[in-house]
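**Student:** Here's the letter readout for the chains.
Number of protein chains: 2
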Amino acid sequence: MKLVKAEIIAIGDELLYGQIMDTNSHWISKELDLVGVKVVRKTTVGDNRKDILDAFSEAEKKADLVLITGGLGPTQDDLTKPLLAEYFECPIQEVPEAVAAITEFFKRRGREMTPLNILQGHLPSCCEYVPNEVGTAPGMWFERNGTYWMSMPGVPHEMKKLMKDFVLPKLPQIFELPVIHHKVIKTAGIGESWLADLIKDWENALPEHIKLAYLPSLGHVKLRLTGFGTNLEQIQAEIENQIELVFPTIQKYVYGYNEESLETAIGKLLKEKGKTLALAESCSGGYITHLITTVPGSSEYLQGAVVPYHNQFKEKILGVKKETLETVGAVSEETVEQMSQGVRKLFGADFGLASSGIAGPDGGTPEKPVGTVWIACAGEGFTETKKLQLTQDRMLNIQLTGVAVLNLLRICIQKYDK
Amino acid sequence: MKLVKAEIIAIGDELLYGQIMDTNSHWISKELDLVGVKVVRKTTVGDNRKDILDAFSEAEKKADLVLITGGLGPTQDDLTKPLLAEYFECPIQEVPEAVAAITEFFKRRGREMTPLNILQGHLPSCCEYVPNEVGTAPGMWFERNGTYWMSMPGVPHEMKKLMKDFVLPKLPQIFELPVIHHKVIKTAGIGESWLADLIKDWENALPEHIKLAYLPSLGHVKLRLTGFGTNLEQIQAEIENQIELVFPTIQKYVYGYNEESLETAIGKLLKEKGKTLALAESCSGGYITHLITTVPGSSEYLQGAVVPYHNQFKEKILGVKKETLETVGAVSEETVEQMSQGVRKLFGADFGLASSGIAGPDGGTPEKPVGTVWIACAGEGFTETKKLQLTQDRMLNIQLTGVAVLNLLRICIQKYDK
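As they're listed, the protein sequences go chains A and B. The first sequence runs 1 to 418 under full-length UniProt numbering. The second sequence runs 1 to 418 under full-length UniProt numbering.
If you are wondering where the hints come from, they were derived from the structure by calculation, not from laboratory data. Incorrect hints may appear among the rest.
Same chains, same label: a pair holds when it works inside one copy or across any pair of copies.
Subject to a maximum C-alpha distance of 27 Å in a straight line, what follows is the list of computed DSSO-like cross-link-like pairs (lysine-lysine) [unchecked claim]:
(1) LYS160 - LYS61
(2) LYS160 - LYS321
(3) LYS368 - LYS170
(4) LYS368 - LYS107
(5) LYS252 - LYS38
(6) LYS170 - LYS386
(7) LYS107 - LYS161
(8) LYS222 - LYS160
(9) LYS271 - LYS316
(10) LYS345 - LYS321
(11) LYS275 - LYS38
(12) LYS386 - LYS107
(13) LYS30 - LYS275
(14) LYS30 - LYS160
(15) LYS50 - LYS368
(16) LYS2 - LYS50
(17) LYS50 - LYS62
(18) LYS271 - LYS211
(19) LYS368 - LYS161
(20) LYS345 - LYS322
(21) LYS387 - LYS107
(22) LYS107 - LYS252
(23) LYS160 - LYS62
(24) LYS50 - LYS211
(25) LYS275 - LYS62
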C-alpha cells in the first residue's frame with residue numbers, strides 16, 4: 001500500500017505577521033493523522049502572487065493531497081482563487097448554483113449582498129464547486145495528474161465543516177488508506193504521571209501494533225489507543241478488549257470515550273436518571289452554565305443558574321446567611337454549601353452546584369490567596385464540598401473550576417443516585 | 001531601503017502529526033514583525049532528510065534571514081545539525097566551549113550526562129556557536145552569500161531566550177531595518193464586505209506606504225493599518241491621521257483598537273461612567289456573563305446574572321408576565337423587554353441585558369426557525385430590542401448572540417448615557 005502524502009498550505013499576511021495563530025493547519029494535521037494520511041509539509045505564505053504560486057508548485061511535487069486554507073475573502077487582497085485559476089490554467093466563470101447559495105445565505109440572514117459577494121460565486125472552470133453552508137466563500141476541489149487539491153476558507157468553523165462534510169469522506173474513495181482504529185478514554189480528577197503510574201503494568205503489556213498516547217489538557221487526561229492492521233473489526237475488538245482490561249483500575253476517573261466531553265457525559269447521566277440541575281456561580285462567572293448549555297438538549301435537565309457576583313445577591317437571591325458572609329466570608333465552605341442548597345431550592349432542581357473563589361489577579365489575601373476556590377454539590381440529603389488551590393491566572397482558574405465542579409457533580413450522581 | 005525577508009522553518013514529526021501545536025513560529029513572527037523584518041514564509045517539515053534539505057534550499061532562495069527551530073535533540077531521529085553541516089559543506093567538530101557549557105549544565109542540575117549529550121557540543125565548523133543557557137542544544141549561527149541562518153531548539157523557552165539574547169539584538173547590526181507601525185481598528189455590527197464598501201474611497205486614497213487589511217472573525221471585523229517608512233513618529237502620526245479621516249464613516253461600529261476585546265471595551269465604558277450591569281441570559285446560557293467575567297476587575301461593574309432556562313423562572317425570578325409567555329412566547333420582543341427590565345431591577349443595575357432565542361439544533365418552528373434570537377438592553381427610561389436571524393449551528397448562535405448583545409449595550413451606553 002502506498003503511503004498517501006499531504007501538504008497543507010495556509011494563506012494570509014495576518015498569519016505571517018503573527019496577528020492570527022494558524023490553528024487550522026494543526027486541526028487538519030490531527031484529522032489526517034487519524035485516517036492514516038501522512039502530512040509531509042505545512043507551508044504558510046502571505047497574500048503575495050509569487051509566494052503562493054511557488055507554494056502550489058512545490059506542494060504538487062511532493063503531495064497526493066494539497067489542502068489550502070485562507071485567502072478567499074471577497075476583497076482585493078485575497079488572491080487564492082485567481083491564482084488557483086492561473087495555476088490550473090482555466091478561466092473564472094459564474095457558477096449559478098454557487099451564486100444562488102450565496103444569495104440564499106444572505107437572504108436567510110436578512111442581510112443585503114454587495115457585488116463583491118456575488119463574485120464569490122464565480123469559480124475556476126476546472127474545479128468542482130463544493131458548497132459552503134456556513135459562509136460565503138465556496139470550497140473548490142481540483143484534480144490534476146493524480147494529485148487532489150481542496151481550497152477552503154480560513155475561518156475555522158467553515159474550514160472544519162468542509163473538511164468533515166466533503167474532504168474526509170472523500171479520502172477513502174480516492175486513496176487506498178491503511179486500516180487504523182483509535183479509541184480515546186477520557187478521564188478527569190487525576191494527573192498524567194499519577195495515571196501513568198497506575199496503569200504501567202497494563203501499558204507495558206500492550207501488543208506491538210497497539211500504541212498508547214497520553215494527551216493531557218486542562219484538568220483532563222485523555223488516553224488514546226491506536227491500533228494498526230489490515231482488518232478493522234479485529235483491531236476494534238482488540239482495542240475494546242484492552243480497555244476492558246484496564247477499566248477496573250481507572251474506573252473512578254473515566255467519564256467518557258472519544259469526542260464525549262465532560263458536560264456531554266453529565267448530560268447523559270442526568271437524562272438517564274431523569275434528574276435536573278441548577279447552578280450558583282460566583283468566581284466561575286457563568287462559565288460552567290455556558291459549558292452545560294453548549295450541549296444540545298441541555299434544557300431537558302438544566303433548570304437555570306444565578307451568577308451572584310456580589311455578597312448581597314448571594315444573600316438576597318440564594319439565601320446565604322448574612323452572618324456566614326460576615327464571619328467566614330464568601331470564599332468558604334459554609335458559603336458554597338448554602339449557595340448550592342439555595343440554588344437547588346430556587347429552581348426546584350435535584351442537584352445544586354456552587355462555586356466561590358478568588359479568580360485573580362486581584363483580591364487575594366495571605367489566608368485566601370488568588371486561586372483559592374470552594375465548590376459544592378447539594379442533593380437530596382447531602383452536600384459535598386471541595387477546596388481547590390489553583391493558579392495565579394484568572395482564565396485558568398475559571399476553566400479549572402469548571403472541570404472540578406462538573407467532575408464533583410459526576411461523582412455525586414454516581415455516589416448518591418444509584 | 002531593501003526589505004529584509006525572513007523564513008521560519010519548524011522541524012519535527014510531532015508538528016506534522018498534530019500532536020504538538022507549533023506556537024514557536026507564531027511567536028517568532030510577532031517578534032520579527034515588531035522590528036520590521038517581513039516573514040515571507042513559514043514551513044514545517046518532519047524529521048526527514050530530503051524534506052529538510054529542500055526547505056533549506058527553498059528558504060535560501062527567498063530569504064535574508066532563516067530561523068530554524070527543532071530537530072536538535074541528542075537522538076538519531078534529530079537531523080537538523082548533520083543536515084546543516086551537509087548543506088553548508090563543512091564538517092562537524094568538537095567545540096570545547098560548547099562541551100564545557102553542556103557539562104556545566106548537567107553539573108548544576110546534579111544530573112548525569114550521556115555520551116550523546118557530549119556530542120551536542122560538536123558543531124558544524126562553519127557556524128558560530130551560540131550558547132544556550134537554559135538547555136543542552138546550542139544555537140548555531142551561519143552566514144552565506146548575504147543570508148543569515150539561526151538554528152534553535154524547539155523547546156519554546158529555549159528558543160525564546162536565544163531569540164531575545166542573540167538574534168533580535170543582532171538584526172539591527174546586520175540589516176538596515178525599516179520602521180513599521182501597525183494599528184488595528186476593531187469593529188462589530190457590520191460585515192466585511194459592507195465595511196469595505198463603506199470605506200472604499202478612503203481605502204483607495206491611502207498612500208502607497210500605508211496598507212490596509214481586513215481581518216474578519218466571528219461577528220467582528222478588524223481593520224489593520226500598517227505603515228512603512230524611516231521615522232516612527234511620522235508613521236504613527238500618519239496612521240492616526242488616516243484613522244481620523246475614516247472614523248466619522250465607521251464610528252458607530254468601532255469599539256476599540258489593537259488588542260482590546262469587545263468585553264474589555266465595554267468594561268472600560270462602564271467604569272468611566274460609573275455604571276453597573278446585570279444579565280438575563282436564556283439562549284446564550286451564561287456565555288455573555290462568562291465573557292464579561294474573564295475581564296479582571298469586572299466585579300466593579302457586573303452585579304450578577306440569571307440564566308432562566310425555563311419559562312417558569314423567567315416569570316418567577318424576573319417577573320416576565322405569564323400572559324406574555326402564553327401569548328407571544330419566550331422568544332419574542334415583549335419577553336426580552338421584560339427580562340431586561342426585570343433583571344435590571346433584581347440586581348439594582350443601571351443596565352439590564354437579555355437574550356432569548358432558539359439556539360438549536362431542535363426547537364425551531366416555521367415562524368421561529370432555529371437561529372431566531374431576540375435581545376434587549378434596558379436602562380433608565382429606555383428599552384432597546386433587536387431581532388437576530390442567525391445560523392443552524394448551536395455554538396455559533398450562542399457566540400454571535402454574545403457579540404450582538406455586547407454591541408447593543410455599547411450602542412445604548414453611547415446613545416443614552418452621554
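**Student:** Give a verdict on every hint.
**Tutor:** Okay, the hints, checked on the actual structure:
Within a single copy, LYS160 and LYS61 get their C-alpha atoms as close as 26 Å, which meets the 27 Å cut-off; across copies the closest is 34 Å, which misses it. In this assembly of identical chains, the alpha carbons of LYS160 and LYS321 never lie at most 27 Å apart, being 49 Å within a copy and 42 Å across copies at closest. In this assembly of identical chains, LYS368 and LYS170 lie within 27 Å of each other by CA distance neither inside one copy nor across copies; the values are 56 Å within and 35 Å between. In the homo-oligomer, the alpha carbons of LYS368 and LYS107 lie at most 27 Å apart only across protomers (16 Å), although the nearest pairing inside one protomer, at 54 Å, exceeds that limit.
When the C-alpha separation of LYS252 and LYS38 is checked against a cutoff of 27 Å, the pair qualifies neither within a copy, at 34 Å, nor between copies, at 48 Å. Proximity of LYS170 to LYS386 under the C-alpha cut-off of 27 Å is found in neither arrangement, the shortest distances being 49 Å within a copy and 42 Å between copies. Taking the closest pair of Cα atoms, LYS107 and LYS161 come within 27 Å of each other only inside a single copy of the chain (21 Å); across copies the shortest separation is 53 Å, beyond that limit. In this homomeric assembly, LYS222 and LYS160 come within 27 Å of each other (Cα to Cα) both inside a single copy, at 22 Å, and across copies, at 22 Å.
Taking the shortest Cα distances, LYS271 and LYS316 sit within 27 Å of each other only across copies (25 Å), while inside one copy they are farther apart (31 Å). Taking the shortest Cα distances, LYS345 and LYS321 sit within 27 Å of each other both inside one copy (15 Å) and across copies (22 Å). When the C-alpha separation of LYS275 and LYS38 is checked against a cutoff of 27 Å, the pair qualifies neither within a copy, at 44 Å, nor between copies, at 55 Å. Taking the shortest alpha-carbon separations for LYS386 and LYS107, only the inter-copy value of 18 Å comes in at or below 27 Å, while the best intra-copy value is 51 Å.
With identical chains, the CA atoms of LYS30 and LYS275 are never at most 27 Å apart, being 37 Å at best within one copy and 46 Å at best between copies. In the homo-oligomer, the alpha carbons of LYS30 and LYS160 lie at most 27 Å apart both inside one protomer (12 Å) and across protomers (26 Å), since each shortest distance falls under that limit. In this assembly of identical chains, LYS50 and LYS368 lie within 27 Å of each other by CA distance neither inside one copy nor across copies; the values are 58 Å within and 49 Å between. In this assembly of identical chains, the alpha carbons of LYS2 and LYS50 lie at most 27 Å apart only when taken from different copies (18 Å versus 32 Å within one copy).
In this assembly of identical chains, LYS50 and LYS62 lie within 27 Å of each other by CA distance both inside one copy and across copies; the values are 19 Å within and 11 Å between. Neither within a single protomer nor between protomers do LYS271 and LYS211 lie at most 27 Å apart by alpha-carbon distance, with minima of 34 Å and 54 Å respectively. Within a single copy, LYS368 and LYS161 get their C-alpha atoms only as close as 45 Å, which misses the 27 Å cut-off; across copies the closest is 25 Å, which meets it. In the homo-oligomer, the alpha carbons of LYS345 and LYS322 lie at most 27 Å apart both inside one protomer (18 Å) and across protomers (21 Å), since each shortest distance falls under that limit.
For a Cα distance limit of 27 Å, the shortest separation of LYS387 from LYS107 across copies, 15 Å, qualifies, whereas the shortest one inside one copy, 52 Å, does not. Only between protomers do LYS107 and LYS252 lie at most 27 Å apart by alpha-carbon distance; the minimum there is 24 Å, versus 51 Å within a single protomer. Within a single copy, LYS160 and LYS62 get their C-alpha atoms as close as 24 Å, which meets the 27 Å cut-off; across copies the closest is 32 Å, which misses it. Within a single copy, LYS50 and LYS211 get their C-alpha atoms only as close as 38 Å, which misses the 27 Å cut-off; across copies the closest is 19 Å, which meets it.
When the C-alpha separation of LYS275 and LYS62 is checked against a cutoff of 27 Å, the pair qualifies neither within a copy, at 55 Å, nor between copies, at 60 Å.
The structure fails hints 2, 3, 5, 6, 11, 13, 15, 18 and 25 (numbered hints given earlier, in ascending order).
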